[in-house]
Amino acid sequence: MTRQTFQQACVTAIAEEMRRDRDVFVLGEDVGTFGGPLKSTNGLWEEFGGEGRVIDMPISEGTFVGAAVGAAMRGKRPVVDLMFLEFLALVTQQFGLDAGAMHYYSGGAISVPLVMRAKYGVGPFHGHAYDFHSWLQNIPGVKIVAPSNAVDAKGLMRAAIRDNNPVLFLEHMALYHAGRMEVPDDDEFVVPIGKACVPRRGSDVTIVASALMTKRSLAAAETLEAEGISAEVIDLRTIVPLDEETILESVSRTGRLVVVSEAIKTGGSHNEVVSVVAEQAFDRLRAPILRVAPPRVPVPFHRDLEKAYLPDAADIIEAVHRVTRHSIPA
Amino acid sequence: MNNATSPATTGSNQLHIELYHLMTMSRVLDRIIGEHDGHWHGLEGEEAVAAGVYHGLRADDVLAPHYRGTIIAAYAKGADLRTLLAGAMGKTTGYNMGRYRSDICGPAQYNLIGLYSGSLGPPLGYATGGALAAKLDGRDDVAVAVFGDGGSSRGDCHEAMNLASVQKLPVVFVCQNNQIAISTEKKNGVGGSVAERGRSFGMLGVEVDGNDVLAVHGAMQEAIARARAGEGPTTIEAVTYRVAGHFYSDAEDYRDPDVVDRWRERDPIRAYRSWLVKEGVLDEAGLNRMDEEARVHAQTAMDRALADPAPTAVDLAPELVFAPDTPREGERP
Ligand SMILES: Cc1ncc(C[n+]2csc(CCOP(=O)(O)OP(=O)(O)O)c2C)c(N)n1
Numbered sequence: 023m024t025r026q027t028f029q030q031a032c033v034t035a036i037a038e039e040m041r042r043d044r045d046v047f048v049l050g051e052d053v054g055t056f057g058g059p060l061k062s063t064n065g066l067w068e069e070f071g072g073e074g075r076v077i078d079m080p081i082s083e084g085t086f087v088g089a090a091v092g093a094a095m096r097g098k099r100p101v102v103d104l105m106f107l108e109f110l111a112l113v114t115q116q117f118g119l120d121a122g123a124m125h126y127y128s129g130g131a132i133s134v135p136l137v138m139r140a141k142y143g144v145g146p147f148h149g150h151a152y153d154f155h156s157w158l159q160n161i162p163g164v165k166i167v168a169p170s171n172a173v174d175a176k177g178l179m180r181a182a183i184r185d186n187n188p189v190l191f192l193e194h195m196a197l198y199h200a201g202r203m204e205v206p207d208d209d210e211f212v213v214p215i216g217k218a219c220v221p222r223r224g225s226d227v228t229i230v231a232s233a234l235m236t237k238r239s240l241a242a243a244e245t246l247e248a249e250g251i252s253a254e255v256i257d258l259r260t261i262v263p264l265d266e267e268t269i270l271e272s273v274s275r276t277g278r279l280v281v282v283s284e285a286i287k288t289g290g291s292h293n294e295v296v297s298v299v300a301e302q303a304f305d306r307l308r309a310p311i312l313r314v315a316p317p318r319v320p321v322p323f324h325r326d327l328e329k330a331y332l333p334d335a336a337d338i339i340e341a342v343h344r345v346t347r348h349s350i351p352a
Numbered sequence: 002m003n004n005a006t007s008p009a010t011t012g013s014n015q016l017h018i019e020l021y022h023l024m025t026m027s028r029v030l031d032r033i034i035g036e037h038d039g040h041w042h043g044l045e046g047e048e049a050v051a052a053g054v055y056h057g058l059r060a061d062d063v064l065a066p067h068y069r070g071t072i073i074a075a076y077a078k079g080a081d082l083r084t085l086l087a088g089a090m091g092k093t094t095g096y097n098m099g100r101y102r103s104d105i106c107g108p109a110q111y112n113l114i115g116l117y118s119g120s121l122g123p124p125l126g127y128a129t130g131g132a133l134a135a136k137l138d139g140r141d142d143v144a145v146a147v148f149g150d151g152g153s154s155r156g157d158c159h160e161a162m163n164l165a166s167v168q169k170l171p172v173v174f175v176c177q178n179n180q181i182a183i184s185t186e187k188k189n190g191v192g193g194s195v196a197e198r199g200r201s202f203g204m205l206g207v208e209v210d211g212n213d214v215l216a217v218h219g220a221m222q223e224a225i226a227r228a229r230a231g232e233g234p235t236t237i238e239a240v241t242y243r244v245a246g247h248f249y250s251d252a253e254d255y256r257d258p259d260v261v262d263r264w265r266e267r268d269p270i271r272a273y274r275s276w277l278v279k280e281g282v283l284d285e286a287g288l289n290r291m292d293e294e295a296r297v298h299a300q301t302a303m304d305r306a307l308a309d310p311a312p313t314a315v316d317l318a319p320e321l322v323f324a325p326d327t328p329r330e331g332e333r334p
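Taken in order, these protein sequences are the chains called E and S. Letter by letter, the first sequence follows residues 23 to 352 of our numbering. Letter by letter, the second sequence follows residues 2 to 334 of our numbering.
Treat each hint with caution, since some may be false.
The list that follows gives simulated cross-link-like pairs (lysine-lysine, DSS-like), each with its CA atoms no further than 27 Å apart [unchecked claim]:
1) S:Lys169 - S:Lys136
2) E:Lys287 - E:Lys217
3) E:Lys329 - E:Lys61
4) E:Lys61 - E:Lys98
5) E:Lys61 - S:Lys169
6) E:Lys61 - S:Lys187
To be clear, the hints were calculated from the coordinates, so they are not data collected in a lab. Model, not experiment: these values are computed from the prediction.
Here chain E stands alone, though its shape is the one from the complex:
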């Protein structure tokens, strides 16, 4: 075990995969001597730069992501640093529509093993906060992971690099340098894509979240416990493909569901969780499902507005109160 931040865990996983597999290489803006935006590639230049496996890119996102797709089609395993998720709009054609379709449309002749890392989220880095990952959920063939802590970041980064599909790897800026955890060193530690985890067991309500919202949901659950409400928290870890089984099993026991999202309420990926439960566990529900999510405005600038925008533990607690107060008998 090594005590690491989320950022360090990501870099370690990439370095280990680069040692293990010569096809893995890194590209993006300022990923070389600079060490990456917010230190996202810190140290990789020193170890792999000489081999030409850490490559600085011009400010040409559409084309360098396109080039990563092209290299992946030829058997390389690129790890692209997009810098900020805000730039997803500039690369959705290449990373999403095209790369997502290639395996299927080529009759299985090719695959596109590609990881695209993107920083996002309301946090200490003021700006570039937008959580736009939900757009990609509507594009078949693309996987999306959103770890909430350093251990999962490492295990999921490894899984993402080994995966044979385009994977969007979300790096929340409020989690990035915040605190250290004991992260496994062993070679085979991998967190499988598509598996949620349950960091807190409970029996009265299921709270489903990911990334920073997991942290806030856990804080809310702590307060609720003191009030005598037992909340189960599911950390999705993977947004696509969704771990329906874990969600359905939990809601079947608790009968209540609150989903928490950093993307705005309309069209956010959390709505898929709601749909799955409405379709497959309707008869187990004892209360309406509630969503806790920001309002439909672009992420605001002033800190106080930003605070009002983003769901916090109090908003989650309020939603849980509403679903636990009004409930149909089991």
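Got chain E sorted already, so can you dock chain S with the ligand onto it with the hints?
Chain S with the ligand only, in chain E's frame:
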């Protein structure tokens, strides 16, 4: 300095006073804003480009400034300094009402185009569209689109140049080439010359010394005159250097401090001062007085901006996200 623009030929000292004011004001703002915002992208070393490009535009001209220098661009276009600074501090009294950062998004009230989603590139298209609107309406307004050497690598840049060229639109493209993009030196990010790219798209492309405010201003005035006369777009590449960090609290461990020092010796403000004194436009005392006036003006504006109210939760106002059929009071139609 370009002697073709000596006071004797321009016939007035007013131009020089205005250009110098913009340059010294920009330098003051770097310090005043940087002290409150570690992410402020300073202009030190590049003031000659900002002053030379942003000076003298008309109210109806569309301006997509380089993100680095948006506040001085808006100020040059007539926006109120205190309101701009309130915006940089996220106050309700700012043009963006605390909703967005005015350091990279200037006031639309003054026909400025900003980075509405933080991505470099798209504003070049919007500026080109502003020029298209002027052409459709038969007005002689121009659009000015400014971008860095880094931003010149976006497809948006090449596509805007091509579109403006084939449609003969009144756009002035200015590459504020400070030779670095975050940590990426120009030679690692930009293949060839940007002025030459302009030429290859079929427009006039010129390179100027970006540390010589009169050279920049002269090239700009010629390009604007051509655009107003319906003679189409121009690309100007102004070569300078980013003496400031990428942002105010940048550790700058990615570059050689000697290079920065060499460019500091070529400080555009100092160079212009010597020229102004030599040409007898102003003496040292007069220049110092202008520096002090700019400092007091900026500090007073900042003090007021800081005392302005901060937005509260009600200001999130999701009900205002769509434009209504008729303009709301206090909002631009
Ligand atoms: C499309 C896009 N990619 C990356 C960024 C992140 N970014 C912000 S400033 C910057 C450097 C820009 O360099 P340049 O255009 O030369 O302007 P300078 O900062 O040197 O003034 C980068 C890469 C961005 N804002 N937009």
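Mind listing which of the numbered hints don't hold for this structure, in increasing order?
5
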